[in-house]
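Number of protein chains: 2
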Amino acid sequence: MAQKYTTREEDYSKWYNELVYRADLAEHSDVRGCMVIKPYGYAIWEMMKDILDKKFKETGHSNAYFPLFIPKSYLSKEASHVDGFAKECAVVTHYRLKNAEDGSGVIVDPTAKLEEELIVRPTSETIIWNSYKNWIQSYRDLPILINQWANVVRWEMRTRLFLRTTEFLWQEGHTAHATKQEAIDETIQMLEVYADFAENYMAMPVIKGVKTESERFAGADDTYCIEAMMQDGKALQAGTSHFLGQNFAKAFEVKYADKEGKLEFVWATSWGVSTRLMGALIMTHSDDEGLVLPPALAPIQVVAVPIHRTEEELAMIDEKFQELGKKLKALGISFKYDNDDNRRPGWKFAEYEAKGVPIRLAMGPRDLENGKVEVARRDNKTKEVVDFDGIDGFIENLLAEIQTNLLQRAKDYRAANIQTVDSYEEFKSKIDGGGFFYAHWDGTNETEAKIKEETQATIRCIAIDQSEEAGVCMVTGKPSSKRVIFAKAY
Amino acid sequence: MAQKYTTREEDYSKWYNELVYRADLAEHSDVRGCMVIKPYGYAIWEMMKDILDKKFKETGHSNAYFPLFIPKSYLSKEASHVDGFAKECAVVTHYRLKNAEDGSGVIVDPTAKLEEELIVRPTSETIIWNSYKNWIQSYRDLPILINQWANVVRWEMRTRLFLRTTEFLWQEGHTAHATKQEAIDETIQMLEVYADFAENYMAMPVIKGVKTESERFAGADDTYCIEAMMQDGKALQAGTSHFLGQNFAKAFEVKYADKEGKLEFVWATSWGVSTRLMGALIMTHSDDEGLVLPPALAPIQVVAVPIHRTEEELAMIDEKFQELGKKLKALGISFKYDNDDNRRPGWKFAEYEAKGVPIRLAMGPRDLENGKVEVARRDNKTKEVVDFDGIDGFIENLLAEIQTNLLQRAKDYRAANIQTVDSYEEFKSKIDGGGFFYAHWDGTNETEAKIKEETQATIRCIAIDQSEEAGVCMVTGKPSSKRVIFAKAY
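Residue numbers (our numbering), protein chains in the order written: chain A, 1297 to 1786; chain B, 1297 to 1786.
A few of these clues could be false.
Which copy is meant is left open, because identical chains are indistinguishable; a pair holds if it fits in one copy or across any two.
With a Cα cut of at most 25 Å, we get these calculated SDA-like pairs of lysine to any residue [what the hints assert, rightly or not]:
| id | residue 1 | residue 2 |
| --- | --- | --- |
| 1 | Lys1632 | Glu1721 |
| 2 | Lys1373 | Glu1722 |
| 3 | Lys1353 | Glu1670 |
| 4 | Lys1300 | Thr1716 |
| 5 | Lys1784 | Arg1392 |
| 6 | Lys1504 | Phe1548 |
| 7 | Lys1558 | Gln1477 |
| 8 | Lys1429 | Gly1401 |
| 9 | Lys1351 | Tyr1633 |
| 10 | Lys1351 | Glu1488 |
| 11 | Lys1383 | Glu1411 |
| 12 | Lys1429 | Ala1446 |
| 13 | Lys1632 | Leu1410 |
| 14 | Lys1394 | Pro1406 |
| 15 | Lys1724 | Asn1635 |
| 16 | Lys1746 | Gln1477 |
| 17 | Lys1625 | Asn1359 |
| 18 | Lys1746 | Gly1730 |
| 19 | Lys1310 | Glu1585 |
| 20 | Lys1622 | Asn1666 |
| 21 | Lys1394 | Lys1623 |
| 22 | Lys1373 | Glu1397 |
These aren't lab readings, by the way, just hints derived from the structure by calculation.
From a predicted model like this one, the values you see are computed outputs, not experimental measurements.
Generate the whole structure from the sequences, applying the supplied hints.
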């Protein structure tokens, strides 16, 4: 290869950025902090979207669409929400341009100033609850189970492709319920949907937990999350599900009449995942040669490359692979046969390796003669020559095996990088090495803030399945009943 | 029914607005000109999206995503484009809010002013060609065949649900080609895709044509369109496909090296349909009782309602319909069984009628006894009692028949409302009655403008299949070689 790429070892962050370009997933646009998601990257996002959308519908949700713009005053209606979201956002102040009188181009027309500024949605709780107010009168109108696929904008100062961009794509579920328990059940249900998607499609193990007060969504009573470990030992919050209590119902005065006709405030949840999942997917599996994709999220699961000298050889290999293509299609396996004569096999091998195609097949004249095909796995980079006869079944099994292997590998990596610590000295000496640290904490914001300031580590969550264990806070020595998970995070 | 709804006869425009609310498709939001697309309306849009997306992919296109924001200066790069789009648009001037010092709420932070204002995309040619510039070096990089599903904003002064809203959802295809002919072929191919979708899924006949110069997209060399006739005789432009020539390539300096290494400007197309199609769908088929949906775009194709007095009867009817539900699912037919005990059958009948469900089944004790079921068609409001045995096959055929009938009915309506006129006097006396008028025109902007000013009618298009016919312009008497289509339009 002409170009030398940065390895994970050399510079993890640089490796990541180069990989996003090399695999043709996305690029920076000329608009500050906004990215262009390129066709190959978008194809992966589309697969994520389709799978999640199906799961949302299976759990009773419908899609809808609410306005991009939020009147400025709406943000102020929920007190903690405004503090969390009204700061860094795109503000629309005018609705017209005009030609400059000096002919220098177009300028903002000062006479077309909005009476009230509009905010490009950073999240849609306020605009949606302003609608729900009119939709909900009685218990018969509940629950409302709606999801929206949309773009949102948060004016981030430091951005990174997929991980943190000014504009990003996401889904946001917004539900309304008659009872507290029902809303909590919904919150947990959607957390489970996310965890299932992460593990069984992304092959990314996650820890399900609840955030501490200081890390909660602005306006939530409780924020649940799934936390994944990246290959540099850092944590990445991959999805959140919020129990919003009655906060938005109170802010927008949304009440329902129960069966006895008594008026009650409605209970709410919201939950979302975003194009950030693309970053998580990349950083969980990829290696120094490029992207590694789990078969369940690979736009191309199998690629085949002919290795020939003569046109006659090519014709025979074409026939074999075209026949295989039909068989794989019938099995629901996506297959690309690349017999483009403008590129050499070596170039193609590197290209599909960079793009993370799970299985690569190659066939040369000798394979053809012997009824064989070379099968290369992207995940562990092993190759073997197998019988072409029955190769479709072989591939089907191998894809399943790769999917399993990637999850197991990520689980093993995580297991090797989780530590239990009891002293703050030990914690401080180890935290820069990366990984998750299970430690006791006294439950106060002050201690949490002190640890963050001194180590840059945050409490990622209190794991749902964490068992009770009497101990003392590693910093203050105050009593603690459970360990929490500390890590540096994206 | 308690509420009296406006009929088409009484007030077509009011009928339309009421219907959108009554069928629970969409509603006005509190944000000026922006709508909320409700779950039932969004489900129809999702079906449209899925079908179109499949067609785009079958014709070789991939999806991608480009930024929501366009730097103001980009709009000025293509001279006619800026005149067409830089006028009424949402302008982002600031990126931060802060708490007002007097505690009155949040205000725009004057120190967070953008150096260059950002425009919320009204269409994406400029931002996309600014990217293509970096993607295209040689003929090997062509063609680029990309589509984007996105929201766009045009600050419309007068808005109507689905037909004209400040924010709307759409798809925009943007392709780049090495030759003029290839770009023209692409333009026509996508026009055909739209026409096929309109006729075979929306059951809406359309005329394929090319716009006159004055009705062209800002920046196009030619704009092709599909024009449909609504039930009030007005025309609705349902989709456009633009041959952009080399205009954007020149504006953004996008050249490619051909096989001989010679640098040439790239040829372009763009094409789009939007949530406006929802308005077209509604106004093509619906009646005074509510929405009428073609089966190919009905989220619920068949609804079944039990009519019972006792719990025992209900249990028996439940069993019958649940069994039918399985059979219909196997046939790919969407079915809803509504045995909700809180609503009476009459209420349900009116509800599903308003929502345009193509087939309604009802079963009472006598039907149960006789092995019968009542089948009501939404399109022509006929009812018949048929054998329950074999009802699944009966329904499958009936859905196909309804789809065909709706298209035929719309074709008949259109045929009855197309006229050929040769004198301007006759044209003026008839134009207020609605319909399409085939007339000769001298090909000048002046005459076109005069007719528009005097009658509010515009040239909808010059139909592609319009045969040559020597004649004279109905206004000026100058020679004309082809009739063009005049109508009042949405």
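Here is how each hint holds up against the structure:
{"no.": "1", "hint": "Lys1632 / Glu1721", "in the structure": "neither (54 Å within a copy, 63 Å between copies)"}
{"no.": "2", "hint": "Lys1373 / Glu1722", "in the structure": "neither (45 Å within a copy, 60 Å between copies)"}
{"no.": "3", "hint": "Lys1353 / Glu1670", "in the structure": "neither (41 Å within a copy, 30 Å between copies)"}
{"no.": "4", "hint": "Lys1300 / Thr1716", "in the structure": "neither (39 Å within a copy, 70 Å between copies)"}
{"no.": "5", "hint": "Lys1784 / Arg1392", "in the structure": "neither (45 Å within a copy, 28 Å between copies)"}
{"no.": "6", "hint": "Lys1504 / Phe1548", "in the structure": "neither (31 Å within a copy, 48 Å between copies)"}
{"no.": "7", "hint": "Lys1558 / Gln1477", "in the structure": "within (18 Å within a copy, 70 Å between copies)"}
{"no.": "8", "hint": "Lys1429 / Gly1401", "in the structure": "between (44 Å within a copy, 22 Å between copies)"}
{"no.": "9", "hint": "Lys1351 / Tyr1633", "in the structure": "between (32 Å within a copy, 22 Å between copies)"}
{"no.": "10", "hint": "Lys1351 / Glu1488", "in the structure": "within (11 Å within a copy, 34 Å between copies)"}
{"no.": "11", "hint": "Lys1383 / Glu1411", "in the structure": "both (20 Å within a copy, 19 Å between copies)"}
{"no.": "12", "hint": "Lys1429 / Ala1446", "in the structure": "within (21 Å within a copy, 27 Å between copies)"}
{"no.": "13", "hint": "Lys1632 / Leu1410", "in the structure": "neither (52 Å within a copy, 46 Å between copies)"}
{"no.": "14", "hint": "Lys1394 / Pro1406", "in the structure": "both (9 Å within a copy, 22 Å between copies)"}
{"no.": "15", "hint": "Lys1724 / Asn1635", "in the structure": "neither (55 Å within a copy, 63 Å between copies)"}
{"no.": "16", "hint": "Lys1746 / Gln1477", "in the structure": "neither (35 Å within a copy, 67 Å between copies)"}
{"no.": "17", "hint": "Lys1625 / Asn1359", "in the structure": "between (30 Å within a copy, 21 Å between copies)"}
{"no.": "18", "hint": "Lys1746 / Gly1730", "in the structure": "within (19 Å within a copy, 74 Å between copies)"}
{"no.": "19", "hint": "Lys1310 / Glu1585", "in the structure": "within (14 Å within a copy, 62 Å between copies)"}
{"no.": "20", "hint": "Lys1622 / Asn1666", "in the structure": "within (22 Å within a copy, 49 Å between copies)"}
{"no.": "21", "hint": "Lys1394 / Lys1623", "in the structure": "neither (59 Å within a copy, 61 Å between copies)"}
{"no.": "22", "hint": "Lys1373 / Glu1397", "in the structure": "between (41 Å within a copy, 18 Å between copies)"}
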